[in-house]
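**Q** Sequence:
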Amino acid sequence: MKKILFVIACLFIVSLTASAQRVQRSPEENAKRMTELMTTELNLTPEQVAPIDSINLVFAKAQAKLMEKANGDFASVREDMQKLNALRVAEYAKILTDEQLQSYQKMMEERRKNRPPREGN
21 MKKILFVIAC LFIVSLTASA QRVQRSPEEN AKRMTELMTT ELNLTPEQVA
71 PIDSINLVFA KAQAKLMEKA NGDFASVRED MQKLNALRVA EYAKILTDEQ
121 LQSYQKMMEE RRKNRPPREG N
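Add 20 to a position in the sequence shown, counting from 1, and you land on the number used in the numbering used here.
Rather than coming from a laboratory, the hints here were simulated on the basis of the structure.
Treat the hints with caution; some may be incorrect.
Distance ranges between label pairs, derived from CB positions [as the list claims (entries may be wrong)]:
(1) Met101 to Met21: 48 to 58 Å
(2) Asp100 to Lys22: 47 to 57 Å
(3) Glu67 to Asn105: 16 to 26 Å
(4) Arg45 to Met21: 37 to 47 Å
(5) Met101 to Asn134: 14 to 24 Å
(6) Ile33 to Glu119: 43 to 53 Å
(7) Arg132 to Asp93: 15 to 25 Å
For lysine-lysine, the following PhoX-like pairs were computed, each having C-alpha atoms within a straight-line distance of at most 25 Å [unchecked claim]:
(8) Lys103 to Lys133
(9) Lys52 to Lys114
(10) Lys52 to Lys85
(11) Lys126 to Lys52
(12) Lys89 to Lys126
(13) Lys81 to Lys103
(14) Lys52 to Lys81
(15) Lys103 to Lys89
(16) Lys52 to Lys103
(17) Lys52 to Lys133
(18) Lys81 to Lys114
Idealized CB from N, CA, C, for every residue including glycine.
Take the sequences, apply the hints, and build the full model.
**A** Here's what the structure looks like:
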């Protein structure tokens, strides 16, 4: 009986630890993930990948600075984040086709809908 309780307690602790940890990625990792996602989802051409990757890196670094500035209070940087995202889309519009840009906007809308609410929102 003690062994069963011990195993259950261990599993409980592991599950709490795993769910409590948020994976913090570097801006470079975030940019790379976004570029990979866009490459597959939007069927980017080889010529589009490098400029999109550059845009993603610049904006991932800017976003990281905003998040650091927020210090957990995301509402305080929401407006700045929205402006940053608008600038990112404007840069994408210079590279993506109209169809790709529409697909990107749909993709991001789906991600927003499926995202769990943040604490403090």
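**Q** Quick one, are Lys52 and Lys85 close enough, alpha carbons at most 25 Å?
**A** holds (18 Å)
**Q** Measure nothing beyond the straight line between the CA atoms of Lys52 and Lys133; if it is 25 Å or shorter, mark the hint as holding.
**A** It holds: about 23 Å lies between the C-alpha atoms, which stays within 25 Å.
**Q** Within 43 to 53 Å or not, the Cβ separation of Ile33 and Glu119?
**A** holds (49 Å)
**Q** Decide if the proposed pair is consistent with the structure: Lys126 and Lys52, CA atoms, cutoff 25 Å inclusive.
**A** holds (20 Å)
**Q** For Lys52 and Lys114, compute the direct alpha-carbon distance and say whether it is at most 25 Å.
**A** Distance ~20 Å between Lys52 and Lys114 Cα, so the pair holds.
**Q** Within 48 to 58 Å: is that where the Cβ-Cβ distance between Met101 and Met21 falls?
**A** holds (52 Å)
**Q** Within a Cα-Cα threshold of 25 Å, do Lys81 and Lys103 meet the stated pairing?
**A** Distance of about 15 Å is within 25 Å: holds.
**Q** Given the hinted pair Lys103 and Lys89, is their Cα-Cα distance within 25 Å?
**A** Holds. Lys103 to Lys89 sits at ~16 Å (cutoff 25 Å).
**Q** Take the C-alpha atoms of Lys52 and Lys81, compute the straight-line distance between them, and say whether it is at most 25 Å.
**A** Holds. Lys52 to Lys81 sits at ~12 Å (cutoff 25 Å).
**Q** A range of 37 to 47 Å was offered for this pair. Does it hold for the Cβ distance of Arg45 and Met21?
**A** This hint holds: roughly 43 Å between Cβ atoms.
**Q** If you check the beta carbons of Asp100 and Lys22, does the distance land in 47 to 57 Å?
**A** Holds, at about 54 Å.
**Q** Given the hint that Lys52 pairs with Lys103, test it: the Cα-Cα distance must not exceed 25 Å.
**A** holds (22 Å)
Consistency note: the structure conflicts with earlier hint 12 alone.
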